Amino acid sequence: MHRVSETRVLCGFALGALLASAAFPAPATLLGKPAPDFVLKSLDGSNLRLSEYRGQVVMVVFWARWEGEARQEMPVLDHINTTYNRSGLVVLGVSVDEDARRARDFAQGMKLGYPVLLDTTPDIGRDYSIQRMPLTILVDRSGVVRFSSVGYKPGDDRTYLDKIRELLRE
Amino acid sequence: MNFKYRKLSNMLRSGVLLGGLALAAVTAVTATPAVGAPPAAVADAQSAAPAAPVAAVPATAPAGSAPADSAPADATGAPSGQPPGDFKTLDQEVQRMKKDVIELNKDLFVLQEELLFPANTQVAVYVSMDVGAFFALDSVTVKIDNKEVKNYLYTAREADALLKGAVQELYLGNLKVGKHELVAFFTGKGPVERDYKRGATITFDKGVGAKYLELKITDRVEKHQPEFKIKDWE
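As they're listed, the protein sequences go chains A and B.
If you count by the working numbering, then the first sequence holds residues 1 to 170, one letter each, in order.
If you count by the working numbering, then the second sequence holds residues 171 to 404, one letter each, in order.
In short, the hints are calculated from the structure, not lab data.
Be a bit skeptical, because a hint or two may be false.
Claimed, not checked - Calculated cross-link-like contacts (lysine to aspartate or glutamate; reagent style DMTMM-like; alpha-carbon spacing at most 25 angstroms):
id	chain 1	residue 1	chain 2	residue 2
1	B	Lys313	B	Asp300
2	B	Lys268	A	Asp140
3	B	Lys276	A	Glu52
4	B	Lys359	A	Glu52
5	B	Lys313	A	Asp123
6	B	Lys359	A	Asp105
7	A	Lys41	B	Asp330
Claimed, not checked - Derived coverage of chain A by chain B (criterion: at least 3 residues anywhere in the stretch with Cβ under 8 angstroms from a Cβ of chain B; other residues may be distant):
id	region
8	29 to 41
9	47 to 56
Just so it is clear, the structure is predicted and the values come from calculations on it, not from any experiment.
Glycine included, C-beta positions come from ideal geometry on N, C-alpha and C.
All chains should be built: construct the whole structure from the sequences, respecting the hints.
Here you go:
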């Protein structure tokens, strides 16, 4: 009897996990698939479309100003952008902050060298299954997602660099 | 019961054995030409096989290309031992298949469009731009019957394409037969780099056929202002 109830509990957990994974797919599900396209307004007022960077390696970072890890990652990405921009890397920072004005002020204060885009609608976040930030995605020259990473801790930039070099060589 | 079971298992074993033998024989027949020059009987068997892709190529291959039957014969003379004709025909076959896939994709797209947007309910909205000296397009929002159906942000490349004469299909949807109202809002930079927002409205009758509307952005030189019109194409 006890064994039966234990099995039921386990089945319940498994079913729950399955349903949860179906409702909130992990960003890993994007790997190997074409990156969902988007067009967003940047801080300088121009509109940028992801698919227009086909032929270049694109690093897309979804961030929010209240996220500490994102704040840590931004200067690192700026350095990567400065180093690999000439080799064909494009870094796009996408702020998912609902308050566009505050996001703009914050990004301008960071003095970033890469374009920062403002996304105030939930559509793109849904397309990329964002559950936690920062979400870092690497898109290859043919527009396919080849790498994704959630969160940031010091040392992650080495993984980014390895992947970037690998994609730039292709 | 035991006897029946043993008999059945023996039958299965012999069946599997026979199947294996047949598969090995087929593999040997099809593999022989790749190794070296095949005997005439094997070459005939290869050309007779309907599923073999290489055998199917000579019918569609251009006159200059080597037929598959003669390819292994050429291979015997090649020092590397690799038949170059086979690669050529295989490449042609791959190209032909790629072409077929593109054709099929096009047909499926047309079919999908016809199913999703049947002509009797279809409404299509296009955007065009003429000159554009007094207006730099940033976005267009379309509302039909007070409901926003499209909001489109233009990148510099897209705006440039419109200036060069491109016509963009902005919206494709379905509408019932009867009177409808379309409102389009255009935002961008107007004269002297000022933020500019203008609207244009049209009331149209949706008949039985498809409805085509064009949002036209033109320059009014005498007023030094852009002009926004909606043209109803019957």
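Right, here's what the structure says about each hint:
1. B:Lys313 - B:Asp300: Distance of about 23 angstroms is within 25 angstroms: holds.
2. B:Lys268 - A:Asp140: holds (23 angstroms)
3. B:Lys276 - A:Glu52: holds (23 angstroms)
4. B:Lys359 - A:Glu52: Status holds; Cα separation ~22 angstroms.
5. B:Lys313 - A:Asp123: holds (19 angstroms)
6. B:Lys359 - A:Asp105: holds (23 angstroms)
7. A:Lys41 - B:Asp330: holds (17 angstroms)
8. 29 to 41: holds (count 3)
9. 47 to 56: Since 4 is at least three, the answer is holds.
Checked against the numbered hints given earlier, this structure breaks none of them.
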